[in-house]
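For the sequence shown, UniProt numbering begins at 1 and goes up steadily by one.
Keep in mind that the hints are not guaranteed to be accurate.
Stated by the list, open to error - In silico DSBU-like pairs for lysine-lysine, Cα to Cα no more than 35 Å straight-line:
id: 1; residue 1: 506; residue 2: 430
id: 2; residue 1: 133; residue 2: 434
id: 3; residue 1: 427; residue 2: 254
id: 4; residue 1: 443; residue 2: 543
id: 5; residue 1: 506; residue 2: 567
id: 6; residue 1: 443; residue 2: 289
id: 7; residue 1: 520; residue 2: 289
id: 8; residue 1: 86; residue 2: 427
Since the hints were derived computationally from the structure, they do not count as laboratory data.
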Amino acid sequence: MKRNIRTLVKYLLLSSVTVVFTVLFYRIFKSKDFRYTDVQFGAKYGGVEPVAPQNVLAFDNEKIDWHDYDQIKQESMRTGPGEQGKAAYLNQAENHNYDALYKVNGFNAALSDKIAVDRAVPDIRHKGCKSKKYLKNLPSVSVIVPFHNEHWTTLLRTATSVVNRSPPHLLKEVILVDDFSSKEFSRKPLDDYLAANLTKVRALHLPERSGLIRARLAGAREATAEVLIFLDSHTEANVNWLPPLLEPIAQDYKTCVCPFIDVVQYETFEYRAQDEGARGAFDWEFFYKRLPLLPEDLKHPTEPFKSPIMAGGLFAISTKFFWELDGYDEGLDIWGGEQYELSFKIWQCGGQMYDAPCSRVGHIYRKYAPFPNPGKGDFVGRNYRRVAEVWMDEYAEYLYMRRPHYRNLDTGDLTKQKGLRDRLQCKPFKWFMKNVAFDLPLKYPPIEPGDFGVGEIRNLGAPELCVDSGFKDKDQIVGLKECVSDNKQRGEQNFTLTWHKDLRVKGKSMCFDVSDPNEKADVVLYPCHGMKGNQYWRYDVEKQWFLHGGNPRCLDCDPGQKRLYVKSCDEHSKTQKWRFENVNLTMIADWENIGVQE
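Start from the sequences, fold in the hints, and give me the full structure.
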């Protein structure tokens with residue numbers, strides 16, 4: 001009996017001690033940030049010890065409203081040029097340096113100087129985002145912004161928007177990586193401005209031109225926070241942009257998250273939505289494409305959704321996972337292919353990638369790239385081949401089928417990249433295509449169907465005239481010229497009606513596009529998107545019509561002015577009749593069953 005009593009007392013004492021220690025541990029844990037550091041990892045990459053965000057424990061799931069309502073109210077009252085993201089314009093007196101600044105920037109830099117660097121932008125998020133809460137404990141952030149000869153006010157607007165619209169205790173630093181700029185303000189004037197006005201922002205000046213990819217890597221090596229966020233140098237962070245990027249990473253550090261990228265119009269600086277989301281993809285020439293949202297994504301418009309490929313240089317990733325993947329492949333030159341290389345690595349090596357609808361960042365899409373050719377040959381093609389040889393396995397052949405000359409480009413040494421893939425036991429590309437980009441082949445088949453037709457397009461009302469693209473740049477108006485008899489000299493008079501049901505300049509990814517609903521709307525060249533709409537064309541063999549759009553109008557012309565346009569179809573009009581040189585009658589007959597699957 002006494003032995004049983006002693007045993008019971010011991011058990012009660014032990015239970016009491018266990019409860020006390022459990023309570024103490026819980027209180028200590030709640031008061032500290034118990035994310036671990038990796039000394040060896042930090043020593044390897046610049047001597048710092050980046051903190052690795054870990055999966056959030058069940059009792060650490062408290063969520064809060066991160067909105068800064070005081071700031072939102074203050075910004076709502078701002079007025080002036082470009083405020084609230086409205087289109088702005090230069091007056092006649094301000095136009096004197098318009099052309100000079102446009103030439104070196106590819107956008108209306110003179111207007112940028114008229115707009116405040118801390119301007120207010122419109123909150124165009126889905127209404128559900130405005131009441132959404134996120135984890136209270138989120139990781140710290142280093143924002144990395146590479147630039148080369150970026151315009152002064154667009155660069156400062158990028159940094160200012162990040163600082164103003166980020167919770168101060170989450171934003172550890174903004175690193176502007178100066179890729180050997182030659183503009184006068186890019187060095188000491190920039191350093192002095194940052195020291196006086198944006199103390200969380202600093203510039204890292206590279207001693208030689210390194211290119212976009214290596215500039216990002218240089219910034220990442222300097223970063224000291226738990227999460228790296230990469231932005232372009234002409235962007236604007238929108239309201240409450242940061243928590244939606246960070247929560248998925250806090251829940252699983254092997255996660256990359258991309259914001260929605262809005263459009264800052266290059267001429268007027270109007271801020272507007274690009275769309276309400278799509279999944280990133282590619283075609284087999286490595287042109288970036290997009291796939292529609294899946295039904296389950298459409299049901300939850302404020303939730304992050306999985307995306308196979310990132311759009312480019314705007315994304316968040318944990319520092320630990322980025323370096324586990326060895327960052328970017330340092331063998332990639334200047335720019336090109338890096339978005340595919342990192343996307344493939346993330347998915348094939350155990351990670352995942354999301355787009356976050358409630359995080360929005362505006363981006364200026366330049367009218368043209370103002371930078372000179374770096375004189376390194378086909379560096380983009382070389383980059384593409386490096387990516388294909390390391391990550392795409394047998395699927396690389398589909399790229400080479402379309403770009404045969406890639407096979408002969410020197411990739412350089414791939415030992416390190418292939419060793420990384422072996423070391424991390426990354427999955428094959430076939431797994432990626434089957435499980436991540438499973439619907440990509442429906443829109444961009446590795447083996448494409450044949451074309452509906454190819455060759456010259458000759459007008460029967462004026463038989464000496466042929467459609468001529470006069471190819472120079474996108475938005476180029478398509479017209480008519482005298483037909484070229486020599487096939488080798490035909491060039492801009494050679495067209496393809498493709499299985500995408502678009503009309504292309506043969507051998508180029510430029511399509512006939514009509515967006516004007518009015519009568520006699522011009523036909524322009526625009527990058528092919530494969531999504532029909534403004535680029536939907538078909539050929540009626542019997543009537544010899546080229547029909548445009550779902551509510552079709554006919555391709556027509558004014559032979560005297562050599563002008564091409566679309567207008568209402570008229571069976572009596574000879575100028576609406578066209579002889580298409582080579583037509584695949586079998587495919588035309590089976591038109592409805594061929595092409596992009598919806």
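>> Hinted pair, alpha-carbon criterion (35 Å max): residue 443, residue 543. Please report holds or violated.
In response: Distance of about 30 Å is within 35 Å: holds.
>> Just to be careful, I want the Cα atoms of residue 520 and residue 289 compared with a cutoff of 35 Å; is the pair within it?
In response: 30 Å, holds
>> With the threshold set at 35 Å, check whether the alpha-carbon distance from residue 443 to residue 289 stays at or below it.
In response: 10 Å, holds
> Between residue 506 and residue 430, is the straight-line Cα distance small enough, at 35 Å or below?
Replying inline: Judged against 35 Å, a Cα distance of about 31 Å means the pair holds.
> Taken at face value, is the distance from the CA of residue 567 to the CA of residue 506 at most 35 Å?
Replying inline: 25 Å, holds
> Do the alpha carbons of residue 133 and residue 434 lie within 35 Å of each other, as the hint requires?
Replying inline: Satisfied, since the Cα-Cα distance of roughly 34 Å is no more than 35 Å.
> Holds or violated: are the alpha carbons of residue 86 and residue 427 at most 35 Å from each other?
Replying inline: This hinted pair is violated, its Cα atoms lying about 47 Å apart.
>> Holds or violated: residue 427 and residue 254, Cα atoms, limit 35 Å.
In response: Roughly 15 Å separates the two Cα atoms, so the pair holds.
The structure fails to meet hint 8 from the earlier list, while all remaining hints are met.
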